[in-house]
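Asker: Protein chains in written order, with the numbering used here: chain A, 1 to 316; chain B, 1 to 316.
In case anyone wonders, no lab produced these hints; they're calculated from the structure.
Some clues are possibly wrong.
In this list, chains with the same sequence are indistinguishable; a pair is considered to hold if it fits within one copy or across any two.
Claimed, not checked - Mimicking DSS-like on lysine-lysine, the simulated pairs with C-alpha atoms at most 30 Å apart in a straight line are:
(1) Lys-216 to Lys-123
(2) Lys-211 to Lys-103
(3) Lys-127 to Lys-249
(4) Lys-216 to Lys-59
(5) Lys-249 to Lys-211
(6) Lys-163 to Lys-211
(7) Lys-59 to Lys-163
All figures in this text were calculated on a predicted structure; none of them were measured in a lab.
Given next are the chains, with one letter for each unit.
Protein chains: 2
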Amino acid sequence: MFHNNRLCNLLGIQQPVIQGGMVWCSGWRLASAVSEHGGLGILGAGSMTPDFLREQIGKVRTATRSPFGVNVPLLFSKAEECMQVCIEEHVPVLITSAGSPAKWTAKAHEHGMKVGHVVANVKFAEKAEAAGVDFLICEGVEAGGHNGLEELSTLVLTQLVRKATPLPLVSAGGYADGKGLAAALALGADGIQVGSRFACSIESSASDIYKNHLLKVGTLGTVLTSRGWGPTRVVPNTFVNELQGLERKGASPEEQREFIGTGRSRRGMLEGDLEHGELEIGQIAGLFTGVASVAEIMEQFRTDFLETVQRLTQEL
Amino acid sequence: MFHNNRLCNLLGIQQPVIQGGMVWCSGWRLASAVSEHGGLGILGAGSMTPDFLREQIGKVRTATRSPFGVNVPLLFSKAEECMQVCIEEHVPVLITSAGSPAKWTAKAHEHGMKVGHVVANVKFAEKAEAAGVDFLICEGVEAGGHNGLEELSTLVLTQLVRKATPLPLVSAGGYADGKGLAAALALGADGIQVGSRFACSIESSASDIYKNHLLKVGTLGTVLTSRGWGPTRVVPNTFVNELQGLERKGASPEEQREFIGTGRSRRGMLEGDLEHGELEIGQIAGLFTGVASVAEIMEQFRTDFLETVQRLTQEL
């Protein structure tokens, strides 16, 4: 399968599945397991110091010889230093998000890296294409964590971006198995990025308390906080109720930021504080019935995809 | 194509495409054209008097011998009378929305009608199944007009509802061509409901001013107004700015309802008042480059679907 898939050929992977570079979840264990099973594992630099990132890159290399990548949110305070680490360590794939790709793409290319950029609307997709990125990741409003202001759904965003640019395209937000992979490829994407399903995997570096709590998302749902200035999809809890209370009272973004403070996602996702921490996750977690291993998840992508395409051919 | 599709077999149609029953758009011209081209045309009773609905049913029957349906929003003030008209006129398919399907499903079945119900979350899907409906339509947050409170995307909602119930399932919100149809079937749906693309068709009974304005949605985007009490997806304009100003000031739902008043969607969609009317439409309108005929739209579903499935088989 996927021998003619241009995302697989571009990145040197066996399945067109990129693991999301999520804060607190995407350490070396998760990244190396995904890469070892044929996808593209990603270290999430957004919750790492530059030294820790360098150490994690070393551990990925010890665990697998397959390609992997690093996600650097460009608005992250340590973005510049993390980027320097990626260059020095000859990381095969760089994924940039939350900022302009113009600054780093050429430099990353000089050092032989492939560059992908995450976008949430057509305008940024066109800008990223102009900046020379190798592929695009378009992420819809159902995705976990930080989101675009436009709140375009993955289904619609993928079709809009596919029409706007010929670049290899990765669809993100709402995918957890091979049926979703087939749907994304039907829409014209070349692959998918999967976050929540891997956040809730055995190899995820997040707290087991957080991972087990995600199995209740089918009942609890998710909410998008900080609409209009920094939309973030999370599991509702006391922290979210308090934040939404401030929003309803008309608190300014500055006042809301002050209430959120620093370390909220660490508190929720790494330390397992289910009430006062920030529990980032996508809507698709409502589908999860267990914490799965990367091997199981990757196998399901393959078998579900095969079954799905065979099922679709029966409609012809 | 679609010979083994259970939605097609249930409804007696050739393509698993149901036209949305939209206010001001879905009169006899649109409904009969969709049915005549192999989909299921739907009259939208939500903007009709019972007498007008009866007349429209007669006109559909004159224009086509193919099956068609009527959508009745159950919270609509004339729902009961419209339902009576559907029964007396032996309408083949009834689609209920915005209310409980428990009241009407058995009665509609007694009169030989097939019944579908529109849901926006898993709980209502299970309730509709318990009420005995023949099929479900699950509609995501990217859809135009009235939306569920949970704001689940079509991609996620379809997977959740598919897992929760074995009923024939129609996915709605974000679809406009055969690539989308293939994506929906990949996710396990049996067909799609298409609103916006048909709202922006030659046969749509909406104002040409409204239809031509929809071609700017790629730039203007859409917004979801009345979040939390009656989410409605529309094109932004003066009316929406004023409504959102009230929301920001903390106006109660009652105060917002009073500002909206009656006849807003008529003013926007039928009378073409682009500034002070309500212009309901889905996010997918961002893809439209022209007002198309139903024949073109239906042909694109067929050819795109075929091409898409053939393209997917090349990934195996």
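Asker: Hint by hint, say whether it matches the structure.
Answerer: Against the structure, the hints come out as follows:
no., hint, verdict
1, Lys-216 to Lys-123, "between (36 Å within a copy, 15 Å between copies)"
2, Lys-211 to Lys-103, "neither (36 Å within a copy, 41 Å between copies)"
3, Lys-127 to Lys-249, "neither (37 Å within a copy, 35 Å between copies)"
4, Lys-216 to Lys-59, "neither (32 Å within a copy, 50 Å between copies)"
5, Lys-249 to Lys-211, "neither (32 Å within a copy, 38 Å between copies)"
6, Lys-163 to Lys-211, "between (37 Å within a copy, 21 Å between copies)"
7, Lys-59 to Lys-163, "neither (39 Å within a copy, 38 Å between copies)"
Of the hints listed earlier, those the structure fails to meet are numbers 2, 3, 4, 5, 7, in rising order.
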